[in-house]
Amino acid sequence: MRTERFHMAMVVDEHGGTAGLVTLEDLVEEIVGDITDEYDAVEPSLERLEGGGIRAPGNTPIDEVGEALDMDLPDEESDTLAGLVFNVLGRVPEQGEEFPFQNFKFRVERIERRRIMSVVIVPLLPIVTADEAN
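Be aware that the sequence shown starts at 1, since it is given in our numbering, and climbs by one per residue.
Simulated from the structure, these hints should not be mistaken for laboratory data.
Heads up, a few of these hints could be off.
[Stated by the list, open to error] Derived CB-CB ranges, DEER-like:
# : residue 1 : residue 2 : range
1 : Gly90     : Met117    : 16 to 26 Å
2 : Asp63     : Leu124    : 51 to 61 Å
3 : Asp72     : Gly51     : 18 to 28 Å
4 : Asn103    : Glu4      : 52 to 62 Å
5 : His15     : Ser45     : 21 to 31 Å
Glycine included, each C-beta is placed from N, C-alpha and C at the ideal position.
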């Protein structure tokens, strides 16, 4: 790639067949992690909802969801919110499906081709802040 000044290379398997295409950005991202550039779509982050709930993309890390809701979510079997939903249900959920989990109601808001795109999580019991209690 460097000697020919190309930013792409074909990947060939052991049989001489084409296995794929790799870019210079792919190689750098493998070393340093994801790089955001002007062509990457900006993914929405957590959205806080009235009543103490959140709306989150399916690819949101489990620890980020747990921190936002002040709850301890299991992260041994999955890294993302979508993975947690799959593990809890044990199957691909339907769009709009709701289920309780750890004093919260999870609602699968949007699915695209079996991928969980958005989940709404609200407390089963309303969260009362100190200001509201007085």
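Consistency of the hints with the structure:
Between glycine 90 and methionine 117 the beta carbon distance is about 20 Å. The supplied range of 16 to 26 Å therefore holds. Taken as a hint, the range 51 to 61 Å is violated for the pair aspartate 63 and leucine 124, whose Cβ atoms sit roughly 22 Å apart. For aspartate 72 and glycine 51, the hinted distance range of 18 to 28 Å is satisfied, since their beta carbons lie about 21 Å from each other. About 59 Å separates the C-beta atoms of asparagine 103 and glutamate 4, a value consistent with the hinted range of 52 to 62 Å.
One distance hint, 21 to 31 Å for the beta-carbon pair histidine 15 and serine 45, is violated here, with the actual separation near 44 Å.
The structure fails hints 2, 5 (numbered hints given earlier, in ascending order).
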